[in-house]
Each structure stands twice: as C-alpha cells, then as structure tokens.
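Assemble the complex: chain A is given as a structure, and chain B must be docked to it using the hints.
Protein chains: 2
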Amino acid sequence: MTSRVPATVAYMGPQGTFSHLAARSLFQDRPALEAPTIAEVVDLVGRGEAELGVVPIENSTEGSVSATLDALLDGALFICGELVLDVSLCLVAKTADRSRYRRVASHPQPLAQCRKFLARELPGVPLFPTASTAAAAREAALDDTTAAVTSRLAAELEQLTIVADGIQDHPENATRFAVIGHADAAPTGNDKTTLVFSTPHERGALRRVLEIFDDAAINLTRIESRPARGKRWEYVFVTDIEGHRHDPNVAQALARLENEGGGVRVLGSYPQAKK
Amino acid sequence: MTSRVPATVAYMGPQGTFSHLAARSLFQDRPALEAPTIAEVVDLVGRGEAELGVVPIENSTEGSVSATLDALLDGALFICGELVLDVSLCLVAKTADRSRYRRVASHPQPLAQCRKFLARELPGVPLFPTASTAAAAREAALDDTTAAVTSRLAAELEQLTIVADGIQDHPENATRFAVIGHADAAPTGNDKTTLVFSTPHERGALRRVLEIFDDAAINLTRIESRPARGKRWEYVFVTDIEGHRHDPNVAQALARLENEGGGVRVLGSYPQAKK
Chain A
19 MTSRVPATVA
29 YMGPQGTFSH
39 LAARSLFQDR
49 PALEAPTIAE
59 VVDLVGRGEA
69 ELGVVPIENS
79 TEGSVSATLD
89 ALLDGALFIC
99 GELVLDVSLC
109 LVAKTADRSR
119 YRRVASHPQP
129 LAQCRKFLAR
139 ELPGVPLFPT
149 ASTAAAAREA
159 ALDDTTAAVT
169 SRLAAELEQL
179 TIVADGIQDH
189 PENATRFAVI
199 GHADAAPTGN
209 DKTTLVFSTP
219 HERGALRRVL
229 EIFDDAAINL
239 TRIESRPARG
249 KRWEYVFVTD
259 IEGHRHDPNV
269 AQALARLENE
279 GGGVRVLGSY
289 PQAKK
Chain B
19 MTSRVPATVA
29 YMGPQGTFSH
39 LAARSLFQDR
49 PALEAPTIAE
59 VVDLVGRGEA
69 ELGVVPIENS
79 TEGSVSATLD
89 ALLDGALFIC
99 GELVLDVSLC
109 LVAKTADRSR
119 YRRVASHPQP
129 LAQCRKFLAR
139 ELPGVPLFPT
149 ASTAAAAREA
159 ALDDTTAAVT
169 SRLAAELEQL
179 TIVADGIQDH
189 PENATRFAVI
199 GHADAAPTGN
209 DKTTLVFSTP
219 HERGALRRVL
229 EIFDDAAINL
239 TRIESRPARG
249 KRWEYVFVTD
259 IEGHRHDPNV
269 AQALARLENE
279 GGGVRVLGSY
289 PQAKK
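Protein sequence lines, in the order shown, are assigned to chains A and B. Each residue of the first sequence is one higher than the one before, counting from 19 in our numbering. Each residue of the second sequence is one higher than the one before, counting from 19 in our numbering.
For reference, chain A alone in the conformation it holds in the complex (with noise of 0.2 Å):
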C-alpha cells in the first residue's frame, strides 16, 4: 500500500494574509509553503517546490495585481483555476480601548480603503504602512499602542481583538485569486481564458483585435495595457475572455489573432468562479 503525498500549496505570506486565506480556502489540509513574495510563489511551482500555487490577479488588497502579471510572463506556468475572495477588513488590536491607539498600521492599499472609516473613528491617530495584512497584525500584537487593519484570520493568528469588523468604505470590496501550476484545466462549458497579446505600433490595431473577439461572439472580461518588458513604452495587452482555448470559437480567434501579426501568449482557460 502506498500513501499519496498530498500536493503543496504555495503562497505568499505571512501566515495571515489574504491570499493565505484564498489558500485555505481552496485546499483546506493539504501541505502549505509559504513564500514572502509572489514572483517567490511562482518560483517554487516552477521548481516543483509546490505542485500549485495561490497569488492575487485582481482587485488586491496586498498591491499586488502587476507583481502576479510579471511573473506569470516571465515564467511557463499557466493559470489553472481562479478564485473570489470577499475582502472584509477589520480594526484589531490587543486592547478595545480606542484612546490608547498611537497609530493605525497596514498594507497602504488597505489604509486607503477604509479611509473615510478611519478619519471618522480614529482621527488625527497618524497611519503606519507595512509590507502586508499580516505584518501590520504583527506590529499590533507586539505593541498595544498600535491598531491594525487587517483580516480576521490574521486578527485569530495573533490572538488580537476584533475592535470593528467589514470597516471599508466600499462594502462590495473582492480579490480574485489565480491557482497556477504547470496546466491548465480542461473545457467545463462555463470556462474563461486569460491572455497576452501584443498589436503592431499603429492607430486602430486594438480596435481590429477587438474585431476579432466580437466576430467570433466572444466576451472580454477584462482588459488591460501593460509595459511591454525591455521596450519602453510599448504595451502588451493582457486579457480575459469568456470561454476556453480549445472551444472551436475561441480556438479560431485566437488564430486570426496571431495572424494579425503581434503575437499572442495564452495564460490558461479555467473553470469561470462563481461570482
């Protein structure tokens, strides 16, 4: 009788973090490793360190949407699964008592979300940027002058109390996670496709890419002009379509696409999250 090793999840910590959370949440017991950034992430399933891994694609509250896009261009992975996160942040600290609070410490990108909440509440009380979540539920579990916006699982971690909880200003807040590893995933019939294109450096190339989705009756999810690396201010355009790669629709427009002569790299098709 053999005992299969569970497959090792990678993602990027501290312990605490949302995408720790979009982790568990997707692979409860199996073996996690966690790496302190996510090109670290998609260095390890490139090693075969993890068999997948977990990194934040969209709407991040740890910052994070390009560092994900670079990396995955770098590397030969491919984006197998995705995953919608409900981003609730929480003010904790070690004591309730909002007067002894000298400073307000998170992620910038979380501080800027629950701005309006915090000038309301805590006014005057100064903000203190950390690297993540988790390190600014460190911070508050080290000091008990310092609060922290951060989520509840990083507030349970370090055994803090939740002073408020769901405090952005905008309540419908989600992260969309990417599950990478070294396949895609095969056609469900309710799958989408992220991709990379390039056009040619003239007027009205993305307008005749565009064509070529609407032609085939395909939706764009998403779309998104980045630097293309090592050629100043060109772009590449990363995409998310409805649909799979290997759906007689997608498969021809993406096709047509390369024709058009600019190149085109697919990401992965995946199962399409439940919104």
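Keep in mind that a hint or two might mislead.
One copy or two, either will do: identical chains are not told apart, so a pair holds if it fits within one copy or between any two.
[Stated by the list, open to error] Below, a list of computed lysine to aspartate or glutamate pairs in the EDC-like style, where the Cα atoms sit at most 16 Å apart:
1. K134 <-> D92
2. K112 <-> D161
3. K134 <-> D88
4. K112 <-> D162
5. K292 <-> E260
In case anyone wonders, no lab produced these hints; they're calculated from the structure.
Quick look at chain B alone, frame taken from chain A:
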C-alpha cells in the same frame, strides 16, 4: 514688497522613495510635505494644504498604480502634468561585505524586479518585504546584517554604502508620475489626456468606443479596465489618449463618447513628458 510663498508639494514618503525623487526633480526647492499613503497625498491637495501632489501612476516600484487611480476617482482633482523617471535600483548596506548579509529588505515589487540578480549574487539570503524602498533603507541603517534594494537617494539619506547600482533584471525600468492639482494644464500642442469611461454592459461596447477615437485620428497610449466602485464585476476603463481636451478632434470624440450613454470623466489634459 511682498514675498510670495512658494507652492507646497505633497508626495508619498518616507523620504527617499522614488516619489520623493520625482517631487524633487520636478519642484527642486519648493517646500515639500510628506504623507504616508497616496490617498493622503490626494487629501492634502484636496484640502489645500498642498498646492500640488506627485503620485506614481504607471509601472511603479511602489506598487501604487491602483491606489492612485482609486484616489483620483474618489476625488475632484485633475492631472496637470506627468514625469517619467528612470528607476535604478541599488543594493545598499552599512557594510560592503556581502557575507555579513542575513536578509535583503525592500518593497515586494522591487524585490521581484531584481530577483535574478539576487539569486545570482546573494543566493540563499532570505527576502524581507517592507512597505517601501525607503523603509527598507531604514532597516539597513538600523542593522548591519540587513541589505536593502532601494534608490540612490534613500542610500544617501541613510548614509549607506552602495554595493551595486542598476541591479534590476530589465534595464529599461521607468515609473510614470502624475502631478495633481485643482485644475489641469492649458494646451501646448503636444498634450495627453487621461479619462475614465464606462460602457453599457453588452458585447462590442468597448470596440464601439475605440471606433470613436479611431474616427477622430486619436492615438490611445494606455487602456486599463478596473472594477467599478460598488458594482461588483462591472468595469470602468482608464485611458490615456494623445491630444488636449480642448483640441477640436478630442472635444468632438469626448462628446460622441458621452452620447454613447456609458459615462465619461476627464481626469485632466497635460503636456506629454519627454520619453
């Protein structure tokens, strides 16, 4: 005789960030105000405590592009200028003896930008994520077993030794900064306009918008879809186009865009930075 008080400029600190470098390069000797986050920079200008603000807007080493857009979309300010800054990352420490380094500190994004260099030159030395490149320099100044990836300015401010310069894996590394204020700039004949538009939620809507720009002979230099505030998985598009909003072809295209029914907001017209 009256002495005119020079305008105050706000930037995201701490001192030595690339934002600080950009503010110095644009407004040499004007009084400068440091704020802990991009949102605070925007607030300082909004409340009139600073006349202008300098915020990173594209390809930032400070992970802040979305924070800048969110803050601009929330407020009533305009972009009135831009600056393109060459970003050269340095490895710095109190000592040039690399065998002493027990960790390398920096913001996750610059750590990712020079990870090939770090893997080659400092193999096995753990990465330590910080809130900014300037915070990393601070760590190195406090502890001689910590090296930092940071700017030359931060190294000088903290009196650290520059061990290696230009260590980023892709030599072409630039960040675009926006100058923000209560009005945008007058036409110069070589301008750019940043705008945000939404489209009706139907296939082909973006293609129709691009046709409007195309018909008016307007070049797009950037496009990015972003989640609309408060409307989960609806998107707005942030776009840079060539031309000033008072140029006749741009003014006409903007009017046509408004008639499309999705909504458009001009964040400002300003002279194009030299490339």
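Now the hints, each set against the structure:
1. In this assembly of identical chains, K134 and D92 lie within 16 Å of each other by CA distance solely across copies; the values are 11 Å between and 38 Å within a copy.
2. Taking the shortest Cα distances, K112 and D161 sit within 16 Å of each other inside one copy (8 Å), while across copies they are farther apart (28 Å).
3. Only between protomers do K134 and D88 lie at most 16 Å apart by alpha-carbon distance; the minimum there is 13 Å, versus 32 Å within a single protomer.
4. When the C-alpha separation of K112 and D162 is checked against a cutoff of 16 Å, the pair qualifies only within one copy, where the shortest distance is 5 Å, while the shortest distance between copies is 31 Å.
5. Taking CA atoms no more than 16 Å apart as the test, K292 paired with E260 passes inside one copy only; the shortest distance there is 13 Å, against 39 Å between copies.
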